[in-house]
Structures are given as structure tokens and as C-alpha cells.
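Starting from the two chains in their separate frames, assemble the complex, guided by the hints.
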Amino acid sequence: MFKKKVLLLGNRGSGKTSMRSIIFANYIARDTTALAATIDVEASHVRFLGNLTLHLWDCGGQETFMENYFTNQRDHIFRNVAVLIFVVDVENRDAAKDIGYFKSCCEAIQQYSSDAKIFVLVHKMDLLNEEHANKIFLLKQHELNQVSSSLKVTYFRTSIWDETLYLAWSSIVYSLIPNVQQIENQLKKFCEVCEADEIVLFERATFLVISNASLRPHEDVHRFEKISNIIKQFKLSCSKAQAQFQKMEVRNSNFTAFIDILTQNTYIMVVMSDPTIQSSAINININVARSHFDRYLQHQATESN
Amino acid sequence: MAQNNKFGESFNEDQMSYQDESPFSQNQLTAENKPRILLMGLRRSGKSSIQKVVFNKMSPNETIFLESTNKIAKNDVSNNSFIQFQVWDFPGQLDPFDSNFDYESMFSNCGSIVFIIDAQDEYPEALSKMSSTIKRVYQIQSSVKFEVFVHKVDGLSDEQKISAQREIQEQAYEDLQVAKLKEIELRFHLTSIYDHSIFEAFSKVVQSLVPQLPTLENLLNIFISNCRIEKAFLIDVVSKIYIATDFAAVDMQTYELCSDMIDIVIDISCIYGMKNESEPLGYDSESQAIIKLSNGMVLYLREVNKYLALVSLLRSENFEKHGLIDFNFQCFKKAIVDVFKK
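Quick mapping for you: the protein sequence lines, in order, are chains F and Z. Every number in this note's numbering is 39 more than the matching position in the first sequence, counting from 1. Every number in this note's numbering is 2 more than the matching position in the second sequence, counting from 1.
Simulated from the structure, these hints should not be mistaken for laboratory data. Among these hints, one or two may not hold up.
What the hints assert, rightly or not - Computed list of lysine-lysine pairs in DSS-like fashion (alpha-carbon distance at most 27 angstroms, straight line): (1) F:Lys274 - Z:Lys294; (2) F:Lys279 - Z:Lys54; (3) Z:Lys277 - F:Lys265; (4) Z:Lys323 - Z:Lys335; (5) F:Lys174 - F:Lys227; (6) F:Lys265 - F:Lys228; (7) Z:Lys323 - F:Lys286; (8) F:Lys286 - Z:Lys294; (9) F:Lys279 - F:Lys42; (10) Z:Lys277 - F:Lys286; (11) F:Lys279 - Z:Lys59.
These figures come from a predicted structure and were not determined experimentally.
This is chain Z alone, in the form it adopts within the complex (with noise of 0.2 angstroms):
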């Protein structure tokens, strides 16, 4: 990274360009126009179970203790304050078209849409209530992105992962066929709430509901490879979703490794770097953090906005001289606060 100006210049104005595929508008910013994702899936498809591991620190273990949802929960996730989106915990009993709901205005304003379904359990129920929910929604808001999560996949083999998500996602397709609504895309991932899975899966729905995405990857990229950084991510310290990573391929064991990295440094930080209780997580404008790996390999976190933190992957000796990453990082932080001012 050359010269400050240079890389300032590349991100100004007129220059950026970024696909805005989301339903919504930059300007739309207001509690009730957030973008949502809703889960939705049949009865002990673990909906909950899900929500709570990934954005209530819930421990996997736990989450047999968690009670049938009797009632919708709207679960304000505003974890990030640039990147807003709901979960709606809906239960697998109600029916979503039932009368009495405003069904309408609830998915006018939807991002995505995930489906959960049981890989353990039997699918033809599953996928009819999701054949026909897309359908529905489909005639609604036609921009609304469809995920499915071909979930419980802990105690399955490789081939009957492969498998069970063959045989849904054929299923899947012939429905829509037979729907006659052949155009609509579905992606589907499969997920476990006891590994780290579940994570990747939400942060490919995440990015794709971030229109400013190629424009953060943009950044990323310039940064790792000015400061010789193997792989960095954007992360939301909360839930340690990635919201954006570098055009290097993921390779899970290093997200992990990250993911469990921001764990460590919450949980510190926790117990000796709160005053007066302010930052809940005790993560602060200063927070950063380095380890010093055996395999010669350097972990690097530093703090990006209120909710996102940058954490990198190098190796030790390109780290030694780190006063010049700092400065990169700040102007790759101003970047990126002025990405999300627009």
C-alpha cells in the first residue's frame, strides 16, 4: 500500500458500484423496514435451537433443554448496526397463511427466506409446506431469496450427507417445476448446530443480503495483500458471522480458528476490561488481540466498527514489522466506515 491517497482514491464515489439486490433501499433504515431473514421449517426442525447457538452464544449442549415455540418470536438481531436483519423463530405448527396474520408486510421486506429441514427425519412433509410457502411468497415479492438448510447433519456419514441433500434438492426442483415457477433459485447448505457449519451456511444468506459486498471483498483483498496476510474476514462478534472475506478460498479449519479467536477475546475481555459496564461484550473501540501460533502462523484481530472485527491469518514474520499493518488497517477501517456511511 503505497500512498494513503492512492488507496483513498481507488473507493471514492463515483467509482463504487455495487449490485443492490436486496428489496430494499440504503434509506429504508427504520426499525420496522429492516431486512429480514425468517427461519421457517416444521415443528423440532431445531428453528430455535438455531437462533440460539448462532446469535445467543447458546452452547449446542444446551439447546436439548429448549422448550416447543408456541408463539412467533421476533428476535431484533440488531447486533450490527450496518447490517440489520431479523430472525423470526417461526413455529412449525402455525400455518404462515393462516388468516390472522399480516402476511403480507411481513415478507414485503424479506431478504431471505431459510427452510429447515430434518435430514434425520422424513422429508415429504417438510418439503410441501415448503413447495407451497415459496409459492405464496413467491406471488408477494418476487426478489425474496430462497435458502435451505439440509439440517441435523452431525450424525451422518459423507455419502448420506450427499445424498439426503440429492434427494431434497431434486424434490425441491420437481415441485417448483410442477409449481411452474422453474425460475426461482434455491441454494441449499448443509448444517449442524454442533459444528461450525451452521455459521458458514449464515454467512453465505448474510452476504448475499449485503449489497455493499464486492466492495468490502474489494477492500479485503487490497489489504491482505499489501500487508502479505494469508486470509482475513469480516466478522460480527456476536454471532461470528463472516460478513465478507477475501477472494482466497475458505478453508473451515482457518474460519474455526478465527471464530473461536473472537470466543477467547470476548470472554477475556469480559472479565477483566469492563468498567462501569458500557460494552456489554467488553469489546471497545481499542480492542484488538495477537497469538502467536507453534506452526509459526500469527493470529491478528482488530477492531473495525461496534459490532465487526477484522481478524486475520499470517505468518510470523511478516507480522514483525506490524507497525505497517496498523497503518494499513486504519485505511482500510476509514474505508470501510465510509463504505457504510453512503
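Here chain F stands alone, though its shape is the one from the complex (with noise of 0.2 angstroms):
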């Protein structure tokens, strides 16, 4: 069993508590401003495809809490670290603090976890006007690449109110799934004997899109964290009606796509464009993928504990 500590951090009222809950806790964006602000650390435990567990340690921004963070509490909250997410609020006047914050952040990092990922998280997107969006992005990457010195930084546009949530978390989740790369070829070869055009697989209760394989080449780029977004909402409304979705086939006459559960943890998608394939192929197929899977997610769990 994998254990990896997430750290949360960023000013007061950037939006972390409110990220985390409708990732893993099943909020959709308008109930988040329900939030009360966190008090010290909110410490969380999340299961991930059965062999990973996530401690999210969602730590509160407000001044006193983050002095703290950076003193009395430094190798408490940052040793063992592998990955620091911090959050900006794009509209925050007072960039400096950011700043300050994330250059004491880099700094802790440094000494305690120096092989921690880090990513930046450029949040409340939405509330700027779309002309400027894409320049105060890139300033604020630039400000605080200045203070991040040698570190590798991945730097996301997101909002709670669109998909661009979702490509930031499943990027984040990516990086820290072990043995990626070897699940990534099992789908590849999946897609092959299918004949598939596109198979993407999902973890289970967030919908974060953890691999992909395609043999036909899509223009939207965006389309996987669309997926998650759209698919999650309708999870969302699914339970509003004490029920939820066990599988769907959905299809015109361009295409068919089948989403299905593939092992406890996740999900899959079967995107078809040749109309000669049939429904139950594809079934028998994903049912034949689903044991083979099971399998090879259990042997990597034995095998690398």
C-alpha cells in the first residue's frame, strides 16, 4: 500500500478547502461557499485505485497559521512531502504575500522533501475576462518562478466551474500513481485488440482521468478533463436521486461510447466510431479486460510493498 502526503497551501480564501471538496467529497461548485475557513491543518485520508493512499493535509491560510507552518511546525508539515500543491488566487491584490508564501514554501520544501513534486495552481480563472486571462496567467507563473529557484514547478489555470479542475487533479494524481507507465501500456494494447478509437480509465469515486489510449487522433485536446467534469456532474445528480450510475452506452451515428466499471476502483470508456462493431463485443471484451486487470493491479500492489 502506497502512502503519499499531499500538501494544501496557499493564502487564506484561495479556494483550497473548496477544491478538495468537490474533487473528493462529492460537493458540486455552488455548495462551496458553504465553507467555513480551515482551522489549522485538515488532515485527510483518500483512497486511490485500492493500492494508493492519499494523507491530503489541507492547511488553513490565514496569517497566524502560515507563520507557523514556516516555524514551529516546519518539519512537521513538510518533511516526507510528495507533493505540495499551492494555490493562488488570481485575483488577489495583494500578490506580494503569494509570493512571500510560496518562496517560504520552496524554501521548507527544499530542506525536508527536495524530491516533493510542486505544482501551482493559478484558481479562480473564471472571474477574469477572458482577453487578459491568458496574460495575468503567464505574470503571475513568471512572478513566482523568480522565487521558486532551482525547483521544478507545473503551473494550471483552474476553476471550480469548469473543467479545468479536473485536468489540474488528474495531473497531480498522475504523478503519483506508481508504476503509471505500465498501466498506460496494458490500455494501449487494450485499444489495439478492441479496435477502439479512444479507451480512457478512471479512478472510480473522483472520475480523474488516470490513463489514456487512443488510435484515432481527436482535435480537443481538453476532452479528457471535459469527461471527468461532465461524467462527475452527473454522478452528482444521480445520487441527488438516491441512485447511481452502474454504466451507460451512449451513441449517434458517428460513434458509440461505453462507459463501464472496469475494476473496483475504476472506470472505463470505450469510444467506437465503426458501426460494424457490436454492443456486446464490446462488453465481452471489457468483461475479459476486467479480470485481467483486476489482476495486474492486485500483482503490482504485493509486489511493490
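Here you go:
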């Protein structure tokens, strides 16, 4: 069992708790306004993919807490970190404060967990005018890069109101999955066997994309996070009606998409545009793949631990 | 559904009768003569937001960014070729009876007028404008239907909602009494753009303008009883307003689920099902979807025509032999096409 510590840091009100509630606790965006300020650190454990546990440390961003993290609690907070996620409210007037905090984070990380992966989420991008959005994002990126010293940082622009949230978190989680490359290889093989246009593997509870394989190019590079978002919203609608969806088949004259449970912790989506292939054939293939992937993931868990 | 003939027979021309209450006949289908739903109300009562959320797929959260409307926006929502209506987002601060407007022609083709009253604001002004409008319109065209949306009720408790509606209703009828128009009927709906109530209300408004409604309902009843379907809606895919449903009571949760199913089908079709942008929604004649739920129910969507989808909810054991359902559906679809051809 892999346990990975994930730090969520950022100025107060930047959106850390909202994001984590949406991704991991089935909140809808609108309900996050009801969330209160986080007091000190709120830790939660999230099981992911069966063999991975994320220890999420949601660190309240009020000034007194932040100061504590860099001083009294320094090694407690920054030791053994696998991933640091720093959240910046793009509309925060006090940019200097964000930069200051980020600098301190980078220094502490370098000191205690120099191997940690660092992500910066430039958040609340929906509040910006589309014209200026990109410029402002690049500016923030530039400002923060100045203080990150030699550390490698990956930047994402996010908003809880669209699919960009899913792209960021899928990428973060992807970096934590052990042997993700092997999963990808298996998926590619499966795609070839099915002669599918595209296959996407999702984590079951969050619908974050774990991996994908394609035989056919597609022009929309943002389709994965869009699908995550779309299906997650539908999942939430179903739970309002006290039901959960198990499987889904959507088609028109150009395609058929099958979404089904693959293993205990994953969902798979198979997209076909070949109209000659019957749905029963796809179902059979998914059933066979299921036992293969089941064995495969379990085999990995025992092997790596 | 025993034989194809039997089904087809029940709906031949002679036997079909439906109440044609709307102030237009089906021959008046030129662009300017489409039946209209007019949205009216005070400034900032929520008319533009309603229009955007229902007809333009805008998320309710984005509507706070909409600016005050300054001119009449004539939004031709021809999203359904059989049932055509227009929503006139009439800005609240303009007087509809300003002599510059040709209000005669505007109201004479009107099917329904929907008054939006903000439940969280003061009522007197809205109500007085409403009763004076009703009075004027009634003089021009007495067959116009009047509907009242008691709007923005999302923040109110159930008790508050009921008392708001009661207050508004009482005052409205009193005003009509005073104006010697007590024969006019008003329908009241509690609405909010933050849940499905606005769609439910519009569904009722649209249904009262559909002359073929009883026939559609009959067709749906026959279809669901023969297929052992629990509930079915004939839904407009763009607005998610349902044009008709079977006689079983409408449970909002079921309607919401069916409406959400349309969303997910359209969204996925837009990503994977668009070949050369021919259908902007990715919705074509072969569009269909099956969703299996963990509670043993199945949602089944079939395309009926360019704008309408039939969304059914049934138990999964009744769906197992869905070849039979598909056959019945073809009969149903053909009947619908015939109904609207006349």
C-alpha cells in the first residue's frame, strides 16, 4: 500500500478546501460557498486506486497559521511530502504576500522533501475577462518562478466552475500513481485489441483520468477533463435521486461510447466509431479486460510493497 | 402492443380530436406568426437570466454577470420545429404601452404571457403593472393565457414560498375584480433558476400552447403501458422543457434525472459525435443512450425528431428484451411524426 503525503497550501480564501471538497467529497461547485475557513491543518485520507492512499493536508491559510507552518511546525509540515500544491487566487490584490508564502514553501520543501513534486494552481480564473486571462496567468507564473529557485514547478490555471479543475487534479494524481506507465501500456494493448478509437481509464470515486490510449487522433485536447467533469456532474445528479449509475452507452450515427466499471476502483470508457462492431462484442472485451486488469493491479500492489 | 395495425388505427385522422385552444391555427406557421410566449416583469426580476438558463444552456451561476437589458431582445427559439415559440425578453423599465410600439401585432399572436414577480422584492409595483398589462392585453386578444412565475424562491423556506404565492395570488385576483375582469384565469408557479422548478414551470406553459397535447399524452400512455415503462417524457433537447408526459404523476426527481441524462448525452456527443459540424448539438437521427442505475432502474433515451427526445425510466428486468421496446418505439415515433404533420 502506497501512502503519499499531499500538502495543500496557499493564502486564506484561495480555494484549497473548495477544490478538495469538489474533487474528493462530492461537493457541487455552488455548495462550496458554505465552507468555513479551515482552522490549522485538516488532514484527510483518500483511498485511490486500491493500492494508493493520499494523505491530504489542507493547511488553513490565515496569517497566524501560515507563520506557524514555516516556524514551529516546519518539519512536521514539510517532511516526507510527495506533492506540494500551492494555490493562488488570481484576483488577490496582495500578490506580494502570495509570492512571499510561495518562496517560504519552496525553501522549506527544498530543506525537508527535496524530491517532492510541486504544482501551482492559479485559481479562480473564471473571474477574469477572457482577453486578459492568459496574460495574467503568464504573469503570475513568471512572478512565482522568480522565487522557486531551482525547483521544477508545474503550473495550472483552474476554476471550480469548469473542467480545468479536473485537468489539474488528474495531472497531480497521475504523478503519484505507482507504475502508471505499465497501466498505460496495458491500456494501449486493450485499445488495439478492441480496435477502439479511444479508451480512457478513470478513478471510480473522483472520475479523475488515470490514463488513456488512442488509435485515432482527436482535435480537442481538453476532452479528458471535460469528460471527467461531465460524468462527475451526472454522478452527483444521480445521488440526489438516491441512485448511482453503473454503466452507460451513448451513441449517434458517428460514434458509440461505453462507460462501465472496470475494476473495484476504476471506470473505463471505450469510444468506437466503427459502426460494424456490435455492443455485445465490446461488453465481452470489457469483461475479459476486467479480470486481466484486476489481476494486474493486485499483482502490482503486492509486488511493490 | 399486439399489432402494428391496431396501434396505427387508433390514430387515424377521423378519430383524432384535440382541443385547439391556442389563438392560432396550425396553418399560420410563417415566421412572424409563430405563437409567442412573452416574458414580462419589473427590472431585475430575472427575465434575461431565465431566458439564458432555459434556452441558452447558461449555468445559473453565470447569470450574475448579465447586464441590465436595455432593448427588447427578440429571441427566436426555433429549437423545435413542431412547436415554435418566441420569448420576448421585455425589459422591465420600458412601458409596453408606449405609443411607439406596435403592441397590437405583438399581442394578437401571443399564446401566453408570463409575468415574472421577484418573490424576494416588494410586490405592489409588480402587481399593479401586471394588472394594467392584463387589462390592456385582454382588450386586444382575449384568448391570451396569463401565467405568473413567483420567482427567486430558492432562498425561501417552504412556508415562506407558500405565503408569498398566497399573498401575490390574493392581491392579483383582487386587482382583477376591481378592474371587472374576474373571469380571467391566472396560473401561478413557484420558480428559481437554481433548480428544476423553472423548467417544470415552462413545461406547463408550453404544454398549454400545444394543441396536440392530449394526443401526445395518449400515445405516451399506450407506449409506456405496452413496454412496462414507469415514466416517459417527450423532451425538447435544447431547453429540456418537456412537451408531454404520460398520465402518471410527475416526480421532480425523475424529471431532473431525465433532464440530466439529456445533458450528458449531448455533452458526450458534442465531443465524440461531431463529424463536420453538421448537427451543432451532436444530436442526430441515430442518437440514443442507455444508462443503468444501481437501484435496478434503466434510463433509455431515443431520438424522436430533430428537437425532441423520448426519455423513459423503467426497471432493468423490463428492459432486458429491449428489441420489443425498440419495435414499439418505432411505431410510437411514426405516430408522433404523423400527429405533427397535420
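Each hint, compared with the structure:
1. F:Lys274 - Z:Lys294: 12 angstroms, holds
2. F:Lys279 - Z:Lys54: 24 angstroms, holds
3. Z:Lys277 - F:Lys265: 19 angstroms, holds
4. Z:Lys323 - Z:Lys335: Distance ~19 angstroms between Lys323 (chain Z) and Lys335 (chain Z) Cα, so the pair holds.
5. F:Lys174 - F:Lys227: It is violated: about 37 angstroms lies between the C-alpha atoms, which goes past 27 angstroms.
6. F:Lys265 - F:Lys228: Within the cut-off at roughly 24 angstroms; holds.
7. Z:Lys323 - F:Lys286: 18 angstroms, holds
8. F:Lys286 - Z:Lys294: Distance ~5 angstroms between Lys286 (chain F) and Lys294 (chain Z) Cα, so the pair holds.
9. F:Lys279 - F:Lys42: 32 angstroms, violated
10. Z:Lys277 - F:Lys286: 25 angstroms, holds
11. F:Lys279 - Z:Lys59: 21 angstroms, holds
The structure does not agree with the numbered hints 5, 9 stated previously, though it agrees with the rest.
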